[in-house]
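Peer 1: Input sequences plus hints: build the corresponding full structure.
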Amino acid sequence: MITNLQVDNLASAHAFFGTFLGLERVDMGLDWVTRYVDHESGSAVQLVTHDATAAEDSAMTVKVDDVDEAFAAALAAGHEIVHPLVDEEWGIRRFFVRSPGGAVINVAQHRA
Numbered sequence: 117m118i119t120n121l122q123v124d125n126l127a128s129a130h131a132f133f134g135t136f137l138g139l140e141r142v143d144m145g146l147d148w149v150t151r152y153v154d155h156e157s158g159s160a161v162q163l164v165t166h167d168a169t170a171a172e173d174s175a176m177t178v179k180v181d182d183v184d185e186a187f188a189a190a191l192a193a194g195h196e197i198v199h200p201l202v203d204e205e206w207g208i209r210r211f212f213v214r215s216p217g218g219a220v221i222n223v224a225q226h227r228a
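Numbering-wise (our numbering), the sequence shown opens with residue 117 and increments by one.
Just so you know, these hints were derived from the structure itself, not from any lab. Please note that a few of the clues may not be correct.
Claimed, not checked - Restricting the straight-line Cα-Cα distance to at most 20 angstroms, the calculated cross-link-like pairs of lysine to any residue (SDA-like) are:
#1 179 - 144
#2 179 - 202
#3 179 - 214
As the list claims (entries may be wrong) - Quick list of simulated restraints, FRET-style, between CB atoms:
#4 156 - 200: 36 to 42 angstroms
#5 134 - 188: 21 to 27 angstroms
#6 216 - 131: 31 to 37 angstroms
#7 202 - 153: 33 to 39 angstroms
Ideal placement from N, C-alpha and C gives every residue a C-beta, glycine not left out.
Peer 2: Take a look at the structure:
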């Protein structure tokens with residue numbers, strides 16, 4: 117599970133997350149999202165300026181082994197799907213679902 121924090125500018129956020137907090141930046145090859153990790157603890161945070169393909173930004177990303185199964189379970193439970201199940205060009209298959217408190221959750225699986 118990875119928290120997604122909204123920021124205005126990824127470069128300016130580096131001074132805080134990279135320099136001040138000492139987290140390592142993981143380049144994701146996208147200009148709107150980057151990840152910072154603490155390899156010792158395994159903690160990570162994603163900084164997002166805006167989601168490139170979704171109408172709403174997500175508060176967190178949950179990686180799953182079978183996103184199709186998770187999508188079917190979300191539909192069966194009657195959860196609100198905020199962003200449909202799609203294959204994104206950067207190598208993940210994902211959908212967004214709204215949690216009971218209203219937060220938008222990105223449920224994702226890396227494609228092989």
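Peer 1: CB of residue 216 to CB of residue 131, is that within 31 to 37 angstroms?
Peer 2: holds (36 angstroms)
Peer 1: Could you grab the alpha-carbon distance between residue 179 and residue 144 and see if it respects the 20 angstroms cut-off?
Peer 2: holds (16 angstroms)
Peer 1: How does the Cβ-Cβ distance of residue 134 and residue 188 compare with 21 to 27 angstroms: does it lie in that range?
Peer 2: violated (39 angstroms)
Peer 1: Given a hint of 33 to 39 angstroms, does the C-beta separation of residue 202 and residue 153 actually sit inside it?
Peer 2: The hinted range 33 to 39 angstroms is violated for residue 202 and residue 153, with Cβ atoms some 26 angstroms apart.
Peer 1: For the pair we were handed, residue 179 and residue 214, check the Cα-Cα distance against 20 angstroms.
Peer 2: holds (16 angstroms)
Peer 1: For the pair we were handed, residue 179 and residue 202, check the Cα-Cα distance against 20 angstroms.
Peer 2: holds (15 angstroms)
Peer 1: Between residue 156 and residue 200, does the beta-carbon spacing fit 36 to 42 angstroms?
Peer 2: 37 angstroms Cβ-Cβ, so the 36 to 42 angstroms window holds.
Hint violations for this structure: numbers 5 and 7, all remaining hints satisfied.
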